[in-house]
Amino acid sequence: MMKPLTSPKVLFSEHLGFLLQRCLKCKALRPGKQVHAMLLASRIDMKILSMSSKLVGMYASCGDLQSAKLVLERTQNPNVFALNWMVSALAFHGHHEGAIGYFSLMQELGIVANKFTFSIVLKACLGLMDFDKGRELHGVISRSGFGNVVSVANSLIDMYCKCGHVDYGRKVFDGMIERDVVSWTSMICGYCNIGLLEKALVMFERMKVEGLEPNNFT
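The opening residue of the sequence shown carries number 1 in our numbering; numbering runs sequentially from there.
Simulated from the structure, these hints should not be mistaken for lab results.
Treat the hints loosely; a few may be bogus.
[Claimed, not checked] DMTMM-like mimics (lysine to aspartate or glutamate), calculated; alpha carbons at most 20 Å apart, straight line:
id : residue 1 : residue 2
1  : Lys162    : Asp130
2  : Lys199    : Glu136
3  : Lys123    : Asp180
4  : Lys25     : Glu14
5  : Lys33     : Glu14
6  : Lys199    : Asp174
7  : Lys171    : Asp132
8  : Lys123    : Glu97
9  : Lys115    : Glu73
10 : Lys171    : Asp130
11 : Lys208    : Glu198
12 : Lys123    : Glu73
13 : Lys33     : Asp64
14 : Lys115    : Glu178
15 : Lys162    : Glu136
16 : Lys33     : Glu97
17 : Lys33     : Asp45
18 : Lys199    : Glu213
19 : Lys162    : Asp174
20 : Lys47     : Glu73
21 : Lys199    : Asp180
22 : Lys162    : Asp132
23 : Lys171    : Glu198
24 : Lys208    : Glu178
25 : Lys208    : Asp180
26 : Lys162    : Glu210
27 : Lys133    : Asp167
28 : Lys27     : Asp45
29 : Lys199    : Glu210
30 : Lys133    : Glu97
31 : Lys47     : Glu14
32 : Lys115    : Asp167
33 : Lys171    : Glu108
34 : Lys115    : Glu136
35 : Lys199    : Asp167
36 : Lys69     : Asp132
On a predicted model such as this, the values are computed, not experimentally measured, just so you know.
My request is simple: use the sequences and hints to build the entire structure.
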């Protein structure tokens with residue numbers, strides 16, 4: 001039995017989606033705008049192939065935050081990926097309060113955050129040196145079940161240590177089921193930054209005993 005032929009409109013949509021993804025990865029703003037114009041001219045449903053999310057991502061990755069915001073504001077029921085792009089881009093460009101604001105919007109909309117969201121928002125808390133906001137986010141992470149995700153726990157340790165609360169970072173570290181070299185390095189740096197060099201050396205030796213090779217930063 002022959003398979004039904006894919007309609008030209010669907011093929012065109014897939015082609016534009018592929019081009020948009022390429023523009024996003026290559027941070028190619030001008031071609032990305034051209035693809036956006038073709039999407040608008042062809043009146044393609046922006047929900048198909050998560051076109052809106054890809055547009056937000058393309059503009060955000062290229063640093064055109066205003067266009068990314070406009071696309072997001074016009075998107076019905078934005079998904080976690082679109083909002084992650086906004087949070088990430090704002091934090092990267094130093095707009096830490098804005099990044100946290102979009103995370104709050106995610107919560108208001110009932111959108112479930114993922115491990116990437118939490119790691120990015122923790123960096124925004126660190127950018128503001130906002131220990132209280134970081135602790136509040138830690139509570140959300142624990143309730144969401146992401147506390148044992150290595151990348152998220154590492155971001156928590158980094159945030160606590162750099163905000164001057166190494167004891168909180170150590171509690172996270174001790175509670176981790178699995179650790180990597182970043183986990184150990186964050187704790188070692190945390191102790192070094194407050195002058196506890198002996199503890200840093202003990203951690204360094206423990207890391208080697210557990211079979212982890214220090215990286216250049218360690």
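**OP:** Report the numbers of all earlier hints that the structure fails to satisfy, in ascending order.
**Re:** Hints 2, 9, 12, 16, 26, 28, 32, 33 and 36 not satisfied by this model.
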